[in-house]
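Chains as they are written, first to last, in my numbering: chain A, 1 to 252; chain B, 253 to 504; chain C, 505 to 756; chain D, 757 to 1008.
Since the hints were made in silico from the structure, they are not lab data.
One or more hints might be untrue.
Pulled a few chain D residues facing chain A out of the computed Cβ check, cut under 10 Å [to be verified]:
#1 T760
#2 R764
#3 F811
#4 M816
#5 M825
#6 S851
#7 T852
Sample of chain B residues lacking proximity to chain A, with all beta carbon distances greater than 10 Å (derived) [stated by the list, open to error]:
#8 Y261
#9 D262
#10 Y264
#11 S301
#12 P308
#13 V318
#14 V329
#15 M383
#16 N496
If you're wondering where the values come from, they're calculated on a predicted model, not measured in any experiment.
We treat Cβ as the ideally placed atom computed from N, Cα and C, and that holds for glycine.
There are 4 protein chains.
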Amino acid sequence: MGSTTTIRYDSYPELDRPILIEGLPGIGNVGKITADFLCEKLGSKKFASVYSESFPPLVMLDNDCVVHMACNELWYVKDVNGKDIVFLRGNYQGSTPEGQYLICDDLMKDVFLRMDLSYIYTLGGYGTGQMVTEPRVLGAVSDIALKMELEEKGVTFSPGEPAAGIVGASALLIAFGQMYGIPSACLMGETSGYFVDHKSAVAMLQVLESILGITVDKSDLDVKSQQIDELTAKVKEIETTQNNREDLGYIG
Amino acid sequence: MGSTTTIRYDSYPELDRPILIEGLPGIGNVGKITADFLCEKLGSKKFASVYSESFPPLVMLDNDCVVHMACNELWYVKDVNGKDIVFLRGNYQGSTPEGQYLICDDLMKDVFLRMDLSYIYTLGGYGTGQMVTEPRVLGAVSDIALKMELEEKGVTFSPGEPAAGIVGASALLIAFGQMYGIPSACLMGETSGYFVDHKSAVAMLQVLESILGITVDKSDLDVKSQQIDELTAKVKEIETTQNNREDLGYIG
Amino acid sequence: MGSTTTIRYDSYPELDRPILIEGLPGIGNVGKITADFLCEKLGSKKFASVYSESFPPLVMLDNDCVVHMACNELWYVKDVNGKDIVFLRGNYQGSTPEGQYLICDDLMKDVFLRMDLSYIYTLGGYGTGQMVTEPRVLGAVSDIALKMELEEKGVTFSPGEPAAGIVGASALLIAFGQMYGIPSACLMGETSGYFVDHKSAVAMLQVLESILGITVDKSDLDVKSQQIDELTAKVKEIETTQNNREDLGYIG
Amino acid sequence: MGSTTTIRYDSYPELDRPILIEGLPGIGNVGKITADFLCEKLGSKKFASVYSESFPPLVMLDNDCVVHMACNELWYVKDVNGKDIVFLRGNYQGSTPEGQYLICDDLMKDVFLRMDLSYIYTLGGYGTGQMVTEPRVLGAVSDIALKMELEEKGVTFSPGEPAAGIVGASALLIAFGQMYGIPSACLMGETSGYFVDHKSAVAMLQVLESILGITVDKSDLDVKSQQIDELTAKVKEIETTQNNREDLGYIG
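When you get a sec, could you build the whole thing from the sequences and use the hints?
Next up, the structure:
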């Protein structure tokens, strides 16, 4: 299928071999929370909107009843510890597998290859289905040379995890990065996957701080992260109680 | 995906910065009833048919057994209180989300942008799931500047309504209008959504009369509108009776 | 969507304003049986195969284990009572609504418009859901002028039948015929729709004989048609018995 | 639909009228096991990767956590008993029927037709739904002339088998071979279809050895093939026991 991805530029920033950070919706929304938070904290600026027939034919209304079409957005920030960064953000991934491929293929060919990217980091969640108290950040790389570099920054590489592979934009952009020789990694914040996981996002942010050589004020996230701690503790308590009851069941 | 929308012109009218009014099938068919009624009352003329692989592969028969292919239609009328109007009408929306996008994208690029539209009004229903006695007409706009203008014409702007956003051609045409800088608004007639709602259409027509500075004879619609009133009253009566029974249930 | 319909010609016959007869699978397979039977009886010759990604990705094996790819076929015969005829035959319709549209659109533009068709007859079934003893042949036309002409040939025009319209290739080809000004009609053999209906096909053939001013030996079909008669009688008998039992039920 | 199949060459080997052998996932994975095994045993070399929006938007991780995008691969080996061979291998077929068609159509037009193929052999499984002790290798051909040639190599031709035809890449490539005049055959290893069937693959390999005039060390497969024998024996034993019990049921 030919695609009709439409990229509309607000401006066309001059960037010096930028780093691409992708954070679209996914498991526990870990990637999206992290990318959105970092993008805002670094004072980034939106420079383009990405439209596609594979996004839902939908507009959302803001508080002024002004419409916002379903899209993805490109933001940039210059000179973050000497590096330029581009963010791919949004509330949607393509609605179909084909659509996801075509959008990423178009973005790579029409936008990212022209930018001469130095690195690609795609951010996602790694859903374990179990409560996680100390979320790890797992990694997958386009090239084995990247592995040691990222291990030093706190990324865990665990052979065979995730066993089911990686899907969606996070998978495709790292794969296209590999195809075109751009050092690319997918970072996956460990999460139960049962709720939007700010704690996993904090763990991911720490890794990104280390990679970029910066520190950002994460206090906004810390509050939500503590709520995750409380939620996790409560779920564990309930599970323990239930298990005890079941163990004692034959007495009762 | 590339699209094969086919637009066949019966004629190509000379129009002076026309207003586009879209009214395709949707919730309570409010938009469709309103657009069809106004189009007919103003003595408009069909000038083009729109065919697409995203409409069902279907012909309907009229009373002479002459076939009519599933399509959308473009109608125009000149000099309505000094303004030219184009209507987008029909019995179908694209069968898939992708199809809806591609049809609207093609219409915008191939037809509407060439017409130098002055305004876009897309008409739809706002389904509340509850009986509505005095239907409001809610609005969503491409630009905040339009809001006050429309409030003066009787449009209600309610932050966060509809919470689920707007979908389909009504959403896409206003979004594309926004994209290309055409002042655009979606008007949504409040309706239970349970039946074809002529009363909500009357409310919508009153707003459009105010916007266009005209009055049209709505007596045809008034009869059907009264039937909606009776239907609404009956449903409410039944609900009340049921609730009373439930309240009294423990006595009986 | 752009389409990749592939038309491969075995030969390119010189034809003089041919009549197109379409008979693809459908309700009771009435159209397909009729077109296949007439095509063979008239000694027609295949001249092209039509391939599409919308047909199933399938080959069938003949008795020599030679493969035959899912496709549609074009056959022709010259000088049938002075008229040339092209048949569109096959075991498949496009698997999706979009596919059906694209195949017919491609056939019309790439093949049929170049042939300067004099008439289009699309053949289908009209499923009533009830046993039919004397199947009518209903008609739908591209132009009211065709109606009287066909009524004289034994076609029944019944306002509002079929109420659900006509779908698939039979609908699309007559609609495209209408679009391009080719006199076009859909003939629909009345059928219960519960089995492959050779009796309805015989009725349809009689109409086509009348239209073309020819007679063909239908004895092969007559045997199968009588089997339909017996089947219909049996079903009616069972229904009557059941109804009687139900009527007497309160006595038993 | 237009397609965006992407073929990326690692190298572009000079080949002399190569034989194409396709072995992608399918019934009992017989075709895939056979093609993968032969490809490796002959010391073949990968020369291209095939990407498509119809493969899942997925990367899998190897033990180094290096990502591998869902794709098909082209491998070649020169001078196998005087013949050059190209293998089409992979872990995926297109996710949709349309996708399967488009990938094969693109491969045929962009890769295989340029190679001036001498033969196409597509490898698949023929699922019988019953335990098979001595799997046959059934054949289907593009041209009846190939039949006797293959019968001499141990291929069974059984009119009407498989009754449901052949689907997927194995069907399409032989069909396109037929279309373009390339002698093409589909070989189908008989299998229950209930598990990955190495025994059927051994039978298929023996046929391919005979066709290519070579012998390969199949000892690796023989072990797994024996496991299939044991599994088959066990299932048969259980079935017999169950049947006996059922026969005796009225006594118990």
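Each hint, compared with the structure:
Given the 10 Å rule on beta carbons, the hint for T760 (chain D) holds: about 6 Å separates it from the nearest Cβ of chain A. For R764 (chain D), the interface hint holds, the least distance from its beta-carbon to any beta-carbon of chain A being 7 Å, beneath 10 Å. Interface hint at F811 (chain D): satisfied, since its Cβ lies 8 Å from the closest Cβ of chain A, which is below the 10 Å cut-off. Satisfaction of the interface hint for M816 (chain D) is found here, the shortest Cβ-Cβ separation to chain A being roughly 4 Å, below the 10 Å cut-off.
Given hint, M825 (chain D) at the interface with chain A, holds; its Cβ is 4 Å from that chain's nearest Cβ, closer than 10 Å. Hint status for S851 (chain D): holds, given a least beta-carbon distance of 6 Å to chain A, under 10 Å. At a threshold of 10 Å, the smallest CB-CB gap from T852 (chain D) to chain A is about 8 Å, leaving the interface hint in force. With a cut of 10 Å on Cβ distances, Y261 (chain B) stays outside the contact zone with chain A, its closest approach being about 23 Å.
Listed as a non-interface residue, D262 (chain B) keeps its Cβ farther than 10 Å from every Cβ of chain A; the least gap is roughly 28 Å. Taking the minimum C-beta to C-beta distance to chain A, about 26 Å, the non-interface status of Y264 (chain B) holds against the 10 Å cut. At roughly 22 Å from the closest C-beta of chain A, the C-beta of S301 (chain B) stays outside 10 Å, upholding its exclusion from the interface. P308 (chain B), annotated as away from the interface, keeps every beta carbon of chain A farther than 10 Å; the closest lies near 17 Å.
Residue placement check: V318 (chain B) keeps its beta carbon more than 10 Å from all beta carbons of chain A (closest about 32 Å). For V329 (chain B), the condition that its CB be more than 10 Å from all CB atoms of chain A holds, with the nearest at approximately 27 Å. The claim that M383 (chain B) is not at the interface with chain A holds, since no C-beta of that chain comes within 10 Å of its own (minimum 24 Å). Against chain A, the non-interface label of N496 (chain B) holds: every CB pair exceeds 10 Å, the least being about 38 Å.
Of the numbered hints listed earlier, not one is contradicted by the structure.
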